[in-house]
Amino acid sequence: MDKLPNDPMILFGAVNMLLRDNYHSLDELCDDMNVDRTELEKKLAAAGFKYDKAHKKFW
Numbered sequence: 001m002d003k004l005p006n007d008p009m010i011l012f013g014a015v016n017m018l019l020r021d022n023y024h025s026l027d028e029l030c031d032d033m034n035v036d037r038t039e040l041e042k043k044l045a046a047a048g049f050k051y052d053k054a055h056k057k058f059w
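With the first letter of the sequence shown counted as 1, position 1 gets the number 1 in the numbering used here; the numbers rise by one all the way through.
Just so you know, these hints were derived from the structure itself, not from any lab.
Predicted, not measured: the structure shown is a model, and the values here were computed from it.
Worth double-checking, as some hints may not be accurate.
[As the list claims (entries may be wrong)] Derived lysine-lysine pairs resembling DSS-like cross-links, with alpha carbons at most 25 Å apart:
id	residue 1	residue 2
1	Lys42	Lys56
2	Lys53	Lys42
3	Lys50	Lys3
4	Lys57	Lys3
5	Lys53	Lys3
6	Lys57	Lys42
7	Lys43	Lys53
Model the full structure from these sequences, guided by the hints.
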C-alpha cells in the first residue's frame, strides 16, 4: 500500500475519491494499485469503516 496514505482517515477519503473518480470497483482499484484488498479493508475497518458494494464506497 505504498501508493496510498497511511493515516486511516486520509486513506478513507483517498480511497473513496479514487473509487468515485477512477475505478468501477474496489477490486479494480486494488488490482491496478497492487494493493491487498483484505489488508485495505482491515485497516479501514479498524478505523470504523466498512465497504458498501452497492454504493461503491466505504462508510
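We went through each hint and held it up to the structure:
1. Lys42 x Lys56: holds, 17 Å
2. Lys53 x Lys42: This hinted pair holds, its Cα atoms lying about 16 Å apart.
3. Lys50 x Lys3: holds, 21 Å
4. Lys57 x Lys3: Between Lys57 and Lys3 the Cα gap is close to 19 Å, so the pair holds against 25 Å.
5. Lys53 x Lys3: The hint holds at about 22 Å.
6. Lys57 x Lys42: Given that 25 Å is the threshold and the Cα spacing comes to 15 Å, the pair holds.
7. Lys43 x Lys53: holds, 17 Å
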